[in-house]
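A.B. asks: Protein chains in written order, with our numbering: chain R, 970 to 1083; chain B, 7 to 120.
Among the hints, a few may not be true.
Stated by the list, open to error - Some chain R residues near chain B, calculated using beta-carbon distances under 7 Å:
id	residue
1	Q1010
2	G1011
3	P1012
4	F1014
5	Y1017
6	E1070
7	K1071
8	F1074
9	G1075
10	S1076
If you're looking for bench data, these hints aren't it; they were derived computationally from the structure. Don't be surprised by glycine CBs; every beta carbon is placed ideally from N, CA and C.
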Amino acid sequence: DTGVSQNPRHKITKRGQNVTFRCDPISEHNRLYWYRQTLGQGPEFLTYFQNEAQLEKSRLLSDRFSAERPKGSFSTLEIQRTEQGDSAMYLCASSDRGRREKLFFGSGTQLSVL
Amino acid sequence: AQSVAQPEDQVNVAEGNPLTVKCTYSVSGNPYLFWYVQYPNRGLQFLLKYITGDNLVKGSYGFEAEFNKSQTSFHLKKPSALVSDSALYFCAVRDRDQNEKLTFGTGTRLTIIP
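If we strip away everything but chain B, and leave its shape as in the complex, we get:
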């Protein structure tokens, strides 16, 4: 079984400040980890992924995420937030040894305050 937890429904950050959106996961095998973003009236968009290798993964729009195996976490980060980063963010996991199914978290709404 695989699952994802996003402990914060809502995160508010002032523009220009660093942001973190938290994600922890559970998977029986080796994980593939992802972040997707959803803007209003638009489909989910891929941000970044961790497959193997370097624990720090860089993605679109200046976002990055760090894979921490011991804490089973994959937090999304950005050094300086923009108002345009305001959106709904989803973390997802797939068991690389099992199937093609992506399991998503419940999402975190990120609001950047000007």
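Okay, chain R solo, but in the shape it has when bound:
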């Protein structure tokens, strides 16, 4: 497999702007997860898709955050009206039907909100 791919690797934006990140999971992985990690902390769960259906959302995911996974392939995470507190590493992970407990993580998108 080619691994989980995330783009961009880095994003610098001004407060109040909208940003969108993309995640391409390992092909044929039906489960896709978004996590957020800040310095000195472990990853925090944001949301989870099984195929195209968004089945779980964390309370961390405010109304400014939206995630989609059209056609059950790649996923996008959009943050509207960014705030400085949104600065973090956004991680995507995927897993397959047979080994759902083993998550494969991408390298992440580092967001800096100025």
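Using the hints provided, position chain B relative to the given structure of chain R.
C.D. replies: Using the frame of chain R, we list chain B on its own:
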């Protein structure tokens, strides 16, 4: 609610010595437990998991972990440390009866001294 505690931010071990990275957890139902490792500029990598069965779980790179239900612990161990084991290690828990959310600890930085 589910949580993980990694009481040590930093663990230093001499090369060739045994190593232990500690983890305790709290979950209302039955736990799934995991260890992930994070190398610089790379995504989180799965090391091992406990789902059910034998309390001693063996994983990648010679690591193992022991599930102790009475102490709610899942410590990571290796009999002989290598310099290449130096990395950031995360313990994680999921309530198998509740949801797909993995809750991670804050991580332990392991440094192997040559």
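A.B. asks: May I ask you to test the interface hint for R:F1074 with respect to chain B, counting a Cβ-Cβ separation under 7 Å as satisfied?
C.D. replies: OK, holds: R:F1074 within 7 Å of chain B, min 4 Å.
A.B. asks: Does the interface hint hold: is R:G1075 within less than 7 Å of chain B, judged Cβ to Cβ?
C.D. replies: 5 Å, holds
A.B. asks: For the restraint on R:Q1010, tell me whether the closest CB of chain B is nearer than 7 Å.
C.D. replies: 6 Å, holds
A.B. asks: Given a cut of 7 Å on the nearest C-beta pair, is the interface hint for R:F1014 held or broken against chain B?
C.D. replies: 4 Å, holds
A.B. asks: Does the interface hint hold: is R:E1070 within less than 7 Å of chain B, judged Cβ to Cβ?
C.D. replies: 6 Å, holds
A.B. asks: Verify the interface restraint on R:Y1017: the C-beta must sit less than 7 Å from at least one C-beta of chain B.
C.D. replies: Cβ of R:Y1017 sits 5 Å from chain B, so the hint holds.
A.B. asks: Going by Cβ atoms only, is R:G1011 closer than 7 Å to chain B?
C.D. replies: Holds, because the Cβ-Cβ distance from R:G1011 to chain B comes to roughly 3 Å (cut-off 7 Å).
A.B. asks: Quick check on the hint: R:P1012 CB to chain B CB, less than 7 Å?
C.D. replies: 5 Å, holds
A.B. asks: Would you settle whether the hint for R:K1071 is holds or violated, based on the nearest Cβ-Cβ distance to chain B being less than 7 Å?
C.D. replies: 5 Å, holds
A.B. asks: Hint R:S1076 vs chain B: min CB-CB distance below 7 Å?
C.D. replies: 5 Å, holds
Hint compliance for this structure: every hint is met.
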